[in-house]
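**Q** These are the residues of each chain, in order.
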Amino acid sequence: MKVKYFAWVRERVGKAEETIEPPATVRTVEELIAWLSGRSEAYAYAFEKPKVIRAAIDHAHVKSDAAIAGAREIAFFPPMTGG
Amino acid sequence: MKVKYFAWVRERVGKAEETIEPPATVRTVEELIAWLSGRSEAYAYAFEKPKVIRAAIDHAHVKSDAAIAGAREIAFFPPMTGG
Amino acid sequence: MISPVTACPVTIRIQADDFDIAREIAALTKSRTDIGAVVSFSGICRADDDSAKVSALTLEHYPGMAEDEIRRHADEATSRWPLNGVTIIHRVGRFMPGQNIVLVLTASQHRQAAFQAAEFLMDYLKTSAPFWKKEESATGTGWVEAHARDDEAAARWTKS
Amino acid sequence: MISPVTACPVTIRIQADDFDIAREIAALTKSRTDIGAVVSFSGICRADDDSAKVSALTLEHYPGMAEDEIRRHADEATSRWPLNGVTIIHRVGRFMPGQNIVLVLTASQHRQAAFQAAEFLMDYLKTSAPFWKKEESATGTGWVEAHARDDEAAARWTKS
Numbered sequence: 001m002k003v004k005y006f007a008w009v010r011e012r013v014g015k016a017e018e019t020i021e022p023p024a025t026v027r028t029v030e031e032l033i034a035w036l037s038g039r040s041e042a043y044a045y046a047f048e049k050p051k052v053i054r055a056a057i058d059h060a061h062v063k064s065d066a067a068i069a070g071a072r073e074i075a076f077f078p079p080m081t082g083g
Numbered sequence: 001m002k003v004k005y006f007a008w009v010r011e012r013v014g015k016a017e018e019t020i021e022p023p024a025t026v027r028t029v030e031e032l033i034a035w036l037s038g039r040s041e042a043y044a045y046a047f048e049k050p051k052v053i054r055a056a057i058d059h060a061h062v063k064s065d066a067a068i069a070g071a072r073e074i075a076f077f078p079p080m081t082g083g
Numbered sequence: 001m002i003s004p005v006t007a008c009p010v011t012i013r014i015q016a017d018d019f020d021i022a023r024e025i026a027a028l029t030k031s032r033t034d035i036g037a038v039v040s041f042s043g044i045c046r047a048d049d050d051s052a053k054v055s056a057l058t059l060e061h062y063p064g065m066a067e068d069e070i071r072r073h074a075d076e077a078t079s080r081w082p083l084n085g086v087t088i089i090h091r092v093g094r095f096m097p098g099q100n101i102v103l104v105l106t107a108s109q110h111r112q113a114a115f116q117a118a119e120f121l122m123d124y125l126k127t128s129a130p131f132w133k134k135e136e137s138a139t140g141t142g143w144v145e146a147h148a149r150d151d152e153a154a155a156r157w158t159k160s
Numbered sequence: 001m002i003s004p005v006t007a008c009p010v011t012i013r014i015q016a017d018d019f020d021i022a023r024e025i026a027a028l029t030k031s032r033t034d035i036g037a038v039v040s041f042s043g044i045c046r047a048d049d050d051s052a053k054v055s056a057l058t059l060e061h062y063p064g065m066a067e068d069e070i071r072r073h074a075d076e077a078t079s080r081w082p083l084n085g086v087t088i089i090h091r092v093g094r095f096m097p098g099q100n101i102v103l104v105l106t107a108s109q110h111r112q113a114a115f116q117a118a119e120f121l122m123d124y125l126k127t128s129a130p131f132w133k134k135e136e137s138a139t140g141t142g143w144v145e146a147h148a149r150d151d152e153a154a155a156r157w158t159k160s
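Chains as they are written, first to last, in UniProt numbering: chain F, 1 to 83; chain H, 1 to 83; chain W, 1 to 160; chain Y, 1 to 160.
Heads up, some of the hints might be wrong.
Straight-line C-alpha distance at most 30 Å; calculated DSS-like pairs for lysine-lysine [what the hints assert, rightly or not]:
no.: 1; chain 1: H; residue 1: Lys-15; chain 2: W; residue 2: Lys-134
no.: 2; chain 1: F; residue 1: Lys-63; chain 2: Y; residue 2: Lys-53
no.: 3; chain 1: W; residue 1: Lys-134; chain 2: H; residue 2: Lys-51
no.: 4; chain 1: Y; residue 1: Lys-53; chain 2: W; residue 2: Lys-30
no.: 5; chain 1: F; residue 1: Lys-51; chain 2: F; residue 2: Lys-15
no.: 6; chain 1: H; residue 1: Lys-49; chain 2: W; residue 2: Lys-53
no.: 7; chain 1: H; residue 1: Lys-63; chain 2: W; residue 2: Lys-159
no.: 8; chain 1: F; residue 1: Lys-51; chain 2: Y; residue 2: Lys-159
no.: 9; chain 1: Y; residue 1: Lys-30; chain 2: W; residue 2: Lys-134
no.: 10; chain 1: F; residue 1: Lys-49; chain 2: Y; residue 2: Lys-134
no.: 11; chain 1: W; residue 1: Lys-30; chain 2: Y; residue 2: Lys-30
no.: 12; chain 1: F; residue 1: Lys-15; chain 2: Y; residue 2: Lys-134
no.: 13; chain 1: Y; residue 1: Lys-159; chain 2: W; residue 2: Lys-159
no.: 14; chain 1: Y; residue 1: Lys-134; chain 2: F; residue 2: Lys-2
Note that these hints are calculated values from the structure, not bench results.
If we strip away everything but chain F, and leave its shape as in the complex, we get:
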């Protein structure tokens, strides 16, 4: 599954996108955040306040309890500040 990062989440993770293969026990967005946070200090820093992080699955906003099964692309980013 492809993961994308934007704005300061991207800066903290240190990359804009990557392909990951989380274990089958990782079923929801918040479980994926917890799993990613355990990978390195950079990820832990990016996701240190998980409630602030927004997520999208296949270009649609989702909540933290959304299932990730079948997702082609998951994105993590801070609250939007466009317009």
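Given chain F, put chains H, W and Y in place with the hints provided.
**A** Frame of chain F, contents of chains H, W and Y only:
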């Protein structure tokens, strides 16, 4: 005192403006409308529904009970439909 | 001395000629860096009205009072919202469907003020500025009647 | 076959280049006689922010999702209000104070629909379209934080 007419009030009266000298007993806008209505059938037709007519004294909207004393210019017109 | 950065220039014009929105916005925002939002409203002559198809529209106004009345509402808008600029242009004469009739521009730091001031100004232009529309259609020529919905729109801005 | 007179064309563009409001309005209204009101909102890079003076702003976006998200809101706007056209242009890249960032255009028969749809679209662009602003100022560079007032502005459109 100068009187101006606009839109269908102007068309019904048959002139855009004129100078009038109402008697001293005519003190308010509605008294002036009544006095004008008595001048001819054209005026009576223009003012046949006095509640519809709007008035302005010296470029400011006024109500029908407004005093006309001291007015330089009084205007009569239908409800506005600009914009 | 008023700093040009905090000034709120108000431009009011009643004219027969068309207006150029881009030029008016440029005039309002030129060499300023404090404006975050510009709202424009263009009112356009429509062919499709409630009744018969309109072929032309003639706008009559009360010269002198029209400018004074618009100025009063522009001043009220600048006192009610933190605006950085207001431009109001109302055309008079005879118009074909598709032609511009009125332009209201408002500039502010934030979008809510610009949106609200533009709506306020349009609601008052409709109900209080001395302009009158006469329509031409296949069934004849007649003065446009005022809409109760316009009075209601204007009434919502009345301070209690 | 949809009559061109009743169609509501929706144009969405994300681009680095500036936009020309007059040209966008002309594209929306050209050879139509059913439009009575066009509202435009331009969002402009401001130098004066709540904290330090901003010298530049960089807009980052999520390509693909940004277009999809804006499209969803444009579709919702056209279903909620009787619109005759919608144009949304969001720029990305680095901007100086005074430069355009975003344009929302709405066209309708009547002004209320055009005003409300433009406000709705701006409120959702602010809170829901995947764009992020990074500010440069004398005190350094930092990501702009989301404002609670923008969430509140968007929440008022939620259907209960």
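**Q** When the hints from earlier in the document are held up against this structure, which numbers fail?
**A** The structure breaks only hint 2.
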